[in-house]
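Student: One-letter residues, chain by chain:
6 protein chains.
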Amino acid sequence: MFSITVRDHVMVAHSFRGEVFGPAQRLHGATFLVDATFRRPELDEDNIVVDIGKATEELKAVLGDLNYRNLDDEPEFKGINTSTEFLAKVIADRLADAVHAGRLGEGARGLEGIAVSLHESHVAWASYERAL
Amino acid sequence: MFSITVRDHVMVAHSFRGEVFGPAQRLHGATFLVDATFRRPELDEDNIVVDIGKATEELKAVLGDLNYRNLDDEPEFKGINTSTEFLAKVIADRLADAVHAGRLGEGARGLEGIAVSLHESHVAWASYERAL
Amino acid sequence: MFSITVRDHVMVAHSFRGEVFGPAQRLHGATFLVDATFRRPELDEDNIVVDIGKATEELKAVLGDLNYRNLDDEPEFKGINTSTEFLAKVIADRLADAVHAGRLGEGARGLEGIAVSLHESHVAWASYERAL
Amino acid sequence: MFSITVRDHVMVAHSFRGEVFGPAQRLHGATFLVDATFRRPELDEDNIVVDIGKATEELKAVLGDLNYRNLDDEPEFKGINTSTEFLAKVIADRLADAVHAGRLGEGARGLEGIAVSLHESHVAWASYERAL
Amino acid sequence: MFSITVRDHVMVAHSFRGEVFGPAQRLHGATFLVDATFRRPELDEDNIVVDIGKATEELKAVLGDLNYRNLDDEPEFKGINTSTEFLAKVIADRLADAVHAGRLGEGARGLEGIAVSLHESHVAWASYERAL
Amino acid sequence: MFSITVRDHVMVAHSFRGEVFGPAQRLHGATFLVDATFRRPELDEDNIVVDIGKATEELKAVLGDLNYRNLDDEPEFKGINTSTEFLAKVIADRLADAVHAGRLGEGARGLEGIAVSLHESHVAWASYERAL
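Residue numbers (full-length UniProt numbering), protein chains in the order written: chain D, 1 to 132; chain E, 1 to 132; chain P, 1 to 132; chain Y, 1 to 132; chain B, 1 to 132; chain G, 1 to 132.
Don't read these hints as lab results, they were simulated from the structure.
One or more hints might be untrue.
One copy or two, either will do: identical chains are not told apart, so a pair holds if it fits within one copy or between any two.
No more than 25 Å apart at the CA atoms, straight line, and that leaves these computed lysine to aspartate or glutamate pairs for DMTMM-like [claimed, not checked]:
{"#": "1", "residue 1": "Lys54", "residue 2": "Asp73"}
{"#": "2", "residue 1": "Lys60", "residue 2": "Glu120"}
{"#": "3", "residue 1": "Lys89", "residue 2": "Glu106"}
{"#": "4", "residue 1": "Lys60", "residue 2": "Asp44"}
{"#": "5", "residue 1": "Lys78", "residue 2": "Glu42"}
{"#": "6", "residue 1": "Lys78", "residue 2": "Asp44"}
{"#": "7", "residue 1": "Lys78", "residue 2": "Glu129"}
Based on the sequences and whatever the hints tell you, model everything.
Tutor: In structure tokens:
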């Protein structure tokens, strides 16, 4: 199995609801380093997993919809705890949509899986992986 | 599949028995950066994998039993090569026990797997993963 | 010249005022990895720069006053752009106060300088250094 | 499942053929940080995955055949796009050959898988994994 | 003293002349992680060292003139060993020119120093610093 | 001012004497990532700070005298707290001796300073710098 990963980041504010979150129930923020991994069993005819330029652009586009925002104010996240692991899924699903819409190129149709990791600090990160 | 990972570290002395270890047969030491990963297929009702605060505390507790010690002197490791990969399993198993004992919260009962990585330097690390 | 550095992190929300900040004028957030460096020309009688345990605790205390907060709501930062470089100075000054108040131990009175770096992402950081 | 990973690096020149590569069609270069991971379900009698000294040496040997070279001039890569993901497979396959040839020691015959990751920068990397 | 640093990278081919370079006399390549640091004693009226957006863009522009090239073929480097330390100076000097030309904004005229570090691998890097 | 830095590591056991060290008074150990920096105002005739190959070898040689040892048993450290900051000076001084003895090449005589950093974990490091 082959994979490539591209890294970008996003800076957001948000708060959590639930005692389990302790002081993180207050409005605070995070820089998430975001690693998006694309997997396939065989390389395409250019000898690559996917066009890394397009993968980088598409990740930037997906993150652009979240960047420099207070997630508590975004209608799509109304009443939702935008935990690191949840956001990993949001980003992975949007990248999957981009693949299916052909925005990563025709070659990307050979992809079989996507994984997204979000580092919230140097001591904590979360991941979500799914099939395509 | 979702996961979260928390990082901590532990500083120990130890020695190895067996020619394969070369100069590491002498008493020496290591800082191990320890990454503990918790996995589950669906998030809990708080939209998380596990209480990251509890996961951090429990990892610190497990490492506390090893930290600032000469592992050669610990009865539990008598006659055992406490290699990086072996210690990864020790820590993973103890975290698994903590999950089963409910010390990571009731929500943690939905966890399906644990993986532990120990970085012994910037150029070498080891991992162990197991089901729960 | 000797130094020791300890690292911790803080997660805050804030917004900026001024066209130069572009989309960062919106309420957003950041994880800051915070590196606090303590400098002195000679080691103390224990052969150290400063008690690293106390340095770690004091940095955690200073960050505790900022952590999981919206800096826009903190009276002390009213009308102030809490840029990364500005926050580096805030933290350095508070650590300097701690040194002068004796909270890093008597040995810490031999310190001559403090530097604080805040990493806002894997591609941007800021620093402030001052004498003691 | 257990694993150990060793890291080394290699510095090469190369160029790519195909519009998808954009400016990387020009002769350029890369430092690849190379992480080689060895996997097995149970530890050997020394309580290790594989002799880490031998693994390090063998990785260095495999990289030595590529290091400080223009891959475009190497007969083995004639007409081939030596993409990061492709090179991950080249290195993994050569390490697999080394295992099968006994160059990682007799204990290495218990290995079940190899994975190789190549970091081409702080924001992009590729991996290939295979069974043994 | 305050500073901010932005990171980007560049991928080049080159070769060296001189026995001291050993196998690096052959045409090879490197990914350089480039950290550009801007220093000043006091913050500007926006409470920053320099417009980090402009700093990032200008670093990208400077690197764009080097990226995906064989430095041996660039007229400006004819007969010159483009060592990591030499390239650090090239980039620092070009950033200094950008500051003087006003491309980092009027506020940047308060800058007093620039430092540039180039990481050629995880185990080697070089720096150059100069006044403005 | 130019500099180059090379990184290596060393794995040692040791213990400390003095209440300030808390549990680190017990025999324990550490992996130290060691960064050795060499500084000079102008490059030599090869356009470099120092022969990076020789710098790497000499650092390895200096660390070889410490590696895989219990520092408490080394006569040279008898009754001395081998703190991270102290060890940074030991290594810097030995590298300085190597420069003066010509082991980094004739060109190295143009060096004006050395700095050594030891990372004892991902959250703590120490440095020592001196003139040559």
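Student: Can you give the numbers of the hints that this structure goes against, from lowest to highest?
Tutor: Per hint list: single violation, 1.
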